[in-house]
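Model the placement of chain B on the given structure of chain L, informed by the hints.
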Amino acid sequence: MPPTGAPSTQTPTASPVRPTLTWVEGRERGVRWSLRRLLVLLCLTPLLAILAVRLPDFLRDPVLLSYGMGVLGSTIFIFYRAYAHYEDLADPELSRVRNQAGAPPLPAVPDVTLIVAAMNEIDVIDQCVASMTGSDYPRLQVIVVDDASDDGTTARLRELQTRHDFTLVTLPERVGKKKALVAGLRQATGEVIAFTDSDCVLAPDAVRRCVAALVAHPGLGAVSGHARALNSEATLLSTIQDTWYEGSFRVSKAAESTFGSVTCVSGPLAVFRRDAIWNYLPAWAADRFLGAEFRFATDRQLTGYVLGQAWIGSGLKSAHADSPFLAIDHPERRWQVGYVRSAKVWTVVPESGRAFLRQQIRWKKSFIRNLCFSGRFMWRRGLGPAVLYYGHALWVLAAPFMAVRHLVWGPVQGLWLLTALYLAGVLVKGTAWGVAYAVDNPGDRRWRYRPLMSVVSSVWLSWLLPYSLLTIRRGVWSRTP
Amino acid sequence: MITSSLPAALPGGAGHPDTLADPPPTKVDASTAAALALLPELAHRRLPARRLPHRALQTMITTITLVMVAALLTAGWSYATHVPSVRPQISTPVTPLTPHDLATYLASADAAPGAPLVLSYHDIRPDSDSIYTVTPADFEAQMQMLDAAGYQALTIAEAGDYRAGTFEPTGHSVLITFDDGAAGLWQYADPILERYGLIAVTFVITSAPDSGSPYYLTWDEITLMQQSGRWEFGSHSHDLHTKDAPGPDRLGSALAHPVWADGVPQSLDAHRSRVEHDLDRSLAAFAEHGLPIPTTFAYPFSDVGTDSEAGEATRQAVAERFSLAFVNTNRDTQPLQVTEDTSQIIDRAEIFAGHQHREVFDRLQRLTEAAPE
Numbered sequence: 001m002p003p004t005g006a007p008s009t010q011t012p013t014a015s016p017v018r019p020t021l022t023w024v025e026g027r028e029r030g031v032r033w034s035l036r037r038l039l040v041l042l043c044l045t046p047l048l049a050i051l052a053v054r055l056p057d058f059l060r061d062p063v064l065l066s067y068g069m070g071v072l073g074s075t076i077f078i079f080y081r082a083y084a085h086y087e088d089l090a091d092p093e094l095s096r097v098r099n100q101a102g103a104p105p106l107p108a109v110p111d112v113t114l115i116v117a118a119m120n121e122i123d124v125i126d127q128c129v130a131s132m133t134g135s136d137y138p139r140l141q142v143i144v145v146d147d148a149s150d151d152g153t154t155a156r157l158r159e160l161q162t163r164h165d166f167t168l169v170t171l172p173e174r175v176g177k178k179k180a181l182v183a184g185l186r187q188a189t190g191e192v193i194a195f196t197d198s199d200c201v202l203a204p205d206a207v208r209r210c211v212a213a214l215v216a217h218p219g220l221g222a223v224s225g226h227a228r229a230l231n232s233e234a235t236l237l238s239t240i241q242d243t244w245y246e247g248s249f250r251v252s253k254a255a256e257s258t259f260g261s262v263t264c265v266s267g268p269l270a271v272f273r274r275d276a277i278w279n280y281l282p283a284w285a286a287d288r289f290l291g292a293e294f295r296f297a298t299d300r301q302l303t304g305y306v307l308g309q310a311w312i313g314s315g316l317k318s319a320h321a322d323s324p325f326l327a328i329d330h331p332e333r334r335w336q337v338g339y340v341r342s343a344k345v346w347t348v349v350p351e352s353g354r355a356f357l358r359q360q361i362r363w364k365k366s367f368i369r370n371l372c373f374s375g376r377f378m379w380r381r382g383l384g385p386a387v388l389y390y391g392h393a394l395w396v397l398a399a400p401f402m403a404v405r406h407l408v409w410g411p412v413q414g415l416w417l418l419t420a421l422y423l424a425g426v427l428v429k430g431t432a433w434g435v436a437y438a439v440d441n442p443g444d445r446r447w448r449y450r451p452l453m454s455v456v457s458s459v460w461l462s463w464l465l466p467y468s469l470l471t472i473r474r475g476v477w478s479r480t481p
Numbered sequence: 001m002i003t004s005s006l007p008a009a010l011p012g013g014a015g016h017p018d019t020l021a022d023p024p025p026t027k028v029d030a031s032t033a034a035a036l037a038l039l040p041e042l043a044h045r046r047l048p049a050r051r052l053p054h055r056a057l058q059t060m061i062t063t064i065t066l067v068m069v070a071a072l073l074t075a076g077w078s079y080a081t082h083v084p085s086v087r088p089q090i091s092t093p094v095t096p097l098t099p100h101d102l103a104t105y106l107a108s109a110d111a112a113p114g115a116p117l118v119l120s121y122h123d124i125r126p127d128s129d130s131i132y133t134v135t136p137a138d139f140e141a142q143m144q145m146l147d148a149a150g151y152q153a154l155t156i157a158e159a160g161d162y163r164a165g166t167f168e169p170t171g172h173s174v175l176i177t178f179d180d181g182a183a184g185l186w187q188y189a190d191p192i193l194e195r196y197g198l199i200a201v202t203f204v205i206t207s208a209p210d211s212g213s214p215y216y217l218t219w220d221e222i223t224l225m226q227q228s229g230r231w232e233f234g235s236h237s238h239d240l241h242t243k244d245a246p247g248p249d250r251l252g253s254a255l256a257h258p259v260w261a262d263g264v265p266q267s268l269d270a271h272r273s274r275v276e277h278d279l280d281r282s283l284a285a286f287a288e289h290g291l292p293i294p295t296t297f298a299y300p301f302s303d304v305g306t307d308s309e310a311g312e313a314t315r316q317a318v319a320e321r322f323s324l325a326f327v328n329t330n331r332d333t334q335p336l337q338v339t340e341d342t343s344q345i346i347d348r349a350e351i352f353a354g355h356q357h358r359e360v361f362d363r364l365q366r367l368t369e370a371a372p373e
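Protein chains in written order, with my numbering: chain L, 1 to 481; chain B, 1 to 373.
In isolation and in its complexed conformation, chain L is listed as follows (with noise of 0.2 Å):
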């Protein structure tokens, strides 16, 4: 049972945060526009003070404090644009896209295809199927491909068959989870094409919501789902992420979703617009980087071909020209890429520290190969979004630096002061993502954990950017990094 966590279940304790909030999107549009925007502003009084007490020094001395205001004006930006500009992209009144691809729109319903690849899934894989097909989209053709399981996973699919109503593709060999997927598009007929994870479980009408927003904004290619954790409450490690995926998609996401230019539709619920994808979808199978092939970067790489196939699709395309992919043309269109926050989806987080590190090694790998691929053509989509994503990729890249000067050297020195300042700073940001949560999920206690993330993040995973960048080319299935 995916857990509730939505915003309608009413809370018991009377507080008047909410009959506020409702009564300013009650409001016209405009002016619901500009009391959000205030109310968001006072809000961020506490870091916006911080930033103008900072900013003499600042200009006094850029090079020292350079990260920490850069990271500062940031996380006030993006808060930014997340609370006082998002719109959900299922609000076809309420929400504007700009049609700068200049694409015909969708049909009313059109087809859509939900395709999963599943590879020794045997423990989730149930509740996987079950909540695809449980999908209440009216014209739904729901695919599972089977890479060649060994663990029982593909005779339970065949007798989930017989309850489900869905298209088995069961692959002899193993080919790796884009491969697999792209082997079972082959049968795709859907003018829509979502992909899930096989660990996921979607909300009902995930997959509406998400083809509503592709119908009413027909300059979005693409568009990714609201993701959380299913075993939240397994482990302190998986309820820390939880929190964090919370942030990371109705913030961060939804930051750059303002912008029309969400850097990765991820994997647990992306829907694409077919004529978005299809022509690439074999250089996303075959995609190489160093000199071999790269089998991670799914979901990040597939976004990259939807955000700059009108600079880099041609090339792509005629790599492979000769592939049943490339039988119709579809011409290359400068897409907008969105988020669909009331689109809910539910996956599997590692439980285990060891797990949770493979994982981030994996994710860290997908980054760097992204960066040079994506990192091209960014620039050109805009102030905003270039912005965000080379600010982003700095902020990463500078992370294990920053890690080892306040953690290592500053001890070392006997510059406690230093490691005070930057731990106190990593607290800052944690606890303002934390409020954030917990505006956002009011009644919900686990804002606390949120705050951790960010000392996790900088204490820990900082680390995993050097390690990544030396074994990128040791890439397998999903589970070993």
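None of these hints come from the bench; they were simulated from the model. Keep in mind the model is a prediction, meaning the values are calculated, not measured. We put the CB at the ideal spot given by N, CA and C, even for glycine. A couple of the hints might just be wrong.
To be verified - According to the in silico footprint, chain L covers these stretches of chain B (three or more CB under 8 Å from chain L):
#	region
1	46–57
2	62–74
3	78–85
Chain B in isolation, oriented as in the chain L frame:
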């Protein structure tokens, strides 16, 4: 743009009330209508239409927002750049001297006294790249050396009396001076002078205190220093501590050289009146803050001007107002001499960053021994 056909298509939504209180239904395009059809949850929602009051209200709220953010940023900036009128004093630990050095200093205390030498410092603070800034640790060691070697720090009056021949110091003596009036003198130097019972003179650029710059003393700090009895003050010009005099001698100070405009220097009268006005302004600044009128002067950048009429005018203006004037040419440094020449410009022994206490001691010994009797 087609008018929404939603009301008819709604499941169970037929006959929705269309009273005068409801705004007219918003017009939607085909894509929006199709998406709305996929989302029956939104069927009963009525969004208010946009009318003129809405536009005005939105503008008003936006204006309030902008004002609020601007006020916040300005307040934060002002708070951060505000220089408190009296900053905390910071104690410097006693620098341990080697037994050998200490013995040398103590032994020299018994030697026959020479003429007083004038020492010149600028700022005392840690973490500076400037060669003019001496660290508190080095300064502490130097003052400790002076104390151990029995040096007496003179007042301006005593220095003047020595030159007139009416004052005979009983032991080694020195006149400690500081140029520019930097904030580090209150924060770091004053506690050290107090520790060793020494006194000093500071030459203040009188336009700098309370100008908002954190590098200079504030008038409140100067007042406290004056009241402590450890400090006397001289002038370093009011606003001519700059090298703004364009012209062939570009590196000249604005005090000692006429200002050029359109390739032509100002007239002698204009130059003289400008210099006199600045010096009088500087003296007035002390009076305004309830401080004694200074009788000593330090030339900005040690630039006393050339042999030109303008240079002569500057030196005369200084001599008319001050009984002693100081420079740091580091070429002909001599101790104070008994003399009747009241316009003599006195060269000082300048102490730079990194000078160790032993160096300063040796220099003091060498220069005062070499002085003609």
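Verification of the supplied hints:
1. With 8 residues having a beta carbon nearer than 8 Å to a beta carbon of chain L, the region 46–57 of chain B meets the requirement of three or more and the stated coverage holds.
2. Judged by the Cβ-Cβ criterion of 8 Å, the region 62–74 of chain B is covered by chain L as claimed, because 8 of its residues qualify and three suffice.
3. Beta-carbon proximity to chain L at under 8 Å applies to 3 residues in the region 78–85 of chain B; the threshold of 3 is reached and the given coverage holds.
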